[in-house]
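Protein sequences appear in the order of chains A and B.
Sequence positions in the first sequence follow the UniProt record's numbering and run 1 to 309.
Sequence positions in the second sequence follow the UniProt record's numbering and run 1 to 309.
Worth double-checking, as some hints may not be accurate.
Identical chains blur together in the list; that is why a pair holds if it fits in one copy or across any two.
[Claimed, not checked] Within a straight-line C-alpha distance of at most 25 Å, the following computed PhoX-like cross-link-like pairs (lysine-lysine) qualify:
id	residue 1	residue 2
1	K32	K125
2	K231	K56
3	K297	K32
4	K125	K154
5	K56	K288
Keep in mind that the hints were calculated from the coordinates and are not lab data.
There are 2 protein chains.
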Amino acid sequence: MSNILVFGHKSPDTDAVTSAISFAYLQNQLGKDVEPVALGEISEETQYALDFFNTKAPRIVTEADSNVEAVMLVDHNEPQQSLDNIDEFEILSVVDHHRIANFETAGPLYYRAEPVGCTNTIIFKIYKEYGIDVPKDIAGLMLSAIISDTLLFKSPTCTAEDERAAQELAEIAEVDLHAYGMKMLKAGTNVNSKSAQDILNGDAKSFEMGDKTVRIGQVNVVDVQELLQRKDELIELAEKNNVAEGYDLTLLLITNILESDTVGLVVGSGIETVEAAFNETVNDHQIKLPGVVSRKKQVVPPLTDAFEG
Amino acid sequence: MSNILVFGHKSPDTDAVTSAISFAYLQNQLGKDVEPVALGEISEETQYALDFFNTKAPRIVTEADSNVEAVMLVDHNEPQQSLDNIDEFEILSVVDHHRIANFETAGPLYYRAEPVGCTNTIIFKIYKEYGIDVPKDIAGLMLSAIISDTLLFKSPTCTAEDERAAQELAEIAEVDLHAYGMKMLKAGTNVNSKSAQDILNGDAKSFEMGDKTVRIGQVNVVDVQELLQRKDELIELAEKNNVAEGYDLTLLLITNILESDTVGLVVGSGIETVEAAFNETVNDHQIKLPGVVSRKKQVVPPLTDAFEG
Numbered sequence: 001m002s003n004i005l006v007f008g009h010k011s012p013d014t015d016a017v018t019s020a021i022s023f024a025y026l027q028n029q030l031g032k033d034v035e036p037v038a039l040g041e042i043s044e045e046t047q048y049a050l051d052f053f054n055t056k057a058p059r060i061v062t063e064a065d066s067n068v069e070a071v072m073l074v075d076h077n078e079p080q081q082s083l084d085n086i087d088e089f090e091i092l093s094v095v096d097h098h099r100i101a102n103f104e105t106a107g108p109l110y111y112r113a114e115p116v117g118c119t120n121t122i123i124f125k126i127y128k129e130y131g132i133d134v135p136k137d138i139a140g141l142m143l144s145a146i147i148s149d150t151l152l153f154k155s156p157t158c159t160a161e162d163e164r165a166a167q168e169l170a171e172i173a174e175v176d177l178h179a180y181g182m183k184m185l186k187a188g189t190n191v192n193s194k195s196a197q198d199i200l201n202g203d204a205k206s207f208e209m210g211d212k213t214v215r216i217g218q219v220n221v222v223d224v225q226e227l228l229q230r231k232d233e234l235i236e237l238a239e240k241n242n243v244a245e246g247y248d249l250t251l252l253l254i255t256n257i258l259e260s261d262t263v264g265l266v267v268g269s270g271i272e273t274v275e276a277a278f279n280e281t282v283n284d285h286q287i288k289l290p291g292v293v294s295r296k297k298q299v300v301p302p303l304t305d306a307f308e309g
Numbered sequence: 001m002s003n004i005l006v007f008g009h010k011s012p013d014t015d016a017v018t019s020a021i022s023f024a025y026l027q028n029q030l031g032k033d034v035e036p037v038a039l040g041e042i043s044e045e046t047q048y049a050l051d052f053f054n055t056k057a058p059r060i061v062t063e064a065d066s067n068v069e070a071v072m073l074v075d076h077n078e079p080q081q082s083l084d085n086i087d088e089f090e091i092l093s094v095v096d097h098h099r100i101a102n103f104e105t106a107g108p109l110y111y112r113a114e115p116v117g118c119t120n121t122i123i124f125k126i127y128k129e130y131g132i133d134v135p136k137d138i139a140g141l142m143l144s145a146i147i148s149d150t151l152l153f154k155s156p157t158c159t160a161e162d163e164r165a166a167q168e169l170a171e172i173a174e175v176d177l178h179a180y181g182m183k184m185l186k187a188g189t190n191v192n193s194k195s196a197q198d199i200l201n202g203d204a205k206s207f208e209m210g211d212k213t214v215r216i217g218q219v220n221v222v223d224v225q226e227l228l229q230r231k232d233e234l235i236e237l238a239e240k241n242n243v244a245e246g247y248d249l250t251l252l253l254i255t256n257i258l259e260s261d262t263v264g265l266v267v268g269s270g271i272e273t274v275e276a277a278f279n280e281t282v283n284d285h286q287i288k289l290p291g292v293v294s295r296k297k298q299v300v301p302p303l304t305d306a307f308e309g
């Protein structure tokens, strides 16, 4: 076991898990003994990518033990999305592509954020800056993260840099980018086998907005109506979660990855604020979010503005 | 006037002023219309460097007008060290080498921090990553910043990267690094001509530590005793400043750049905490800080720990 851990956010998606793996490999090449771990269960989409590229899933950790000396964060910086006892450890570095909030250190650190679609796009740049080759399987995992975060380049968070990186990584990984990408994304849309709790928390993150704690989850599907058949069950559970976890509001984004559209389920207090943020009405907990596919770019900023404005 | 401003921290030192200039030039080369400004008076040391390398001082700004569209921060991130109305503007990017605190954005941004001795060392790396040549005079200004921040490589904040960058920049600037460096540092130690207010605020920064606001200034000298002859005047003014500006504590670091040693003047509440932080007693507002030359590495972290621990 290494004394330095690297990990992505809780409720890890493919970028959170694979950026820990790719960043740990880079640090190992640079002579640092770093272990990638995951702060929660591996999703079906991520497992598909790990299997395809012959990589063992990292071990799952929620509290780090006291023999850990320091940590490196990838794909997140907000403490409520991180290790439960993150306050106890020195943060050596952060590589991220999200807003910065509630993040504070006592001393200087290495912090690299860029407004691109995927953390692995930045990590690929850092590999190049150090002149370190990306092994075939790690290239495949990094490619998987870019496909996942950008929904195969359809998300408004996707930049020309993400597309260029994905193309280069697909060549190293020796896969057909689009054929592999569609297969991997579809592997993540199998909601029938998932419990309501998994659907609500699978990819969910907590955000402090004004004085509210807002829980935003996202689930990718190929058929929104199919999932909406479980609407009552999801709403009932979200109400329980809000009370148990102290969320003021839960928003579940049900995103159709083929049509690049989203329906939101809204549960809790502040419904009017959600309506104002998106200029749409909420009917029986349901809100249409046409053209929305990106939580980070199309949901968090307008909601933050509405709650803080 | 450009619609994007770039600036370093208030009470600007040589790195704050010149990193705005070097980063603006880089952005201009990348096609962005960016203007460097300074958030306070130019110090004698900085003016020496600007004169030596034929560069006009940037204009001084404390509040940006409404036609400014966005800003870029260099050499700082904490809002209390920034533009008075920083909250009104979108922050496009940060390049910094300090701790991150009280910094928050609504959306993703470009953030580049590394634990090196000088912001210009990072900016020099970014020039290289983009393949952009550093003009002779800008190289001289960047070199001046590295010399200033590392006290000619004597500060514990200085890294091998800073030294390497300084050597390369000295070649581009066509100066003898050590001869030029000593002349520039000495130009900044002329405290006789300075008012007590200039000495206290010349390079001072405010830090939130626990629930206290701590004001820490630093002045470089070649003779500590000479400045201590003005101790009564400095203490009286610091007491007034504490009340007027709402500081709980003012700490003035008087650093002998030839002997790499510091004497601190402590004024305000929390004297015991300062004593605990450095394991030294405060006698008549005075504390010995042997071997201390770096506010960032040797003063802010132990003080933060003491106030928050």
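Hint-by-hint comparison with the structure:
no.	hint	in the structure
1	K32 with K125	both (19 Å within a copy, 22 Å between copies)
2	K231 with K56	neither (35 Å within a copy, 65 Å between copies)
3	K297 with K32	between (34 Å within a copy, 23 Å between copies)
4	K125 with K154	within (22 Å within a copy, 32 Å between copies)
5	K56 with K288	neither (39 Å within a copy, 55 Å between copies)
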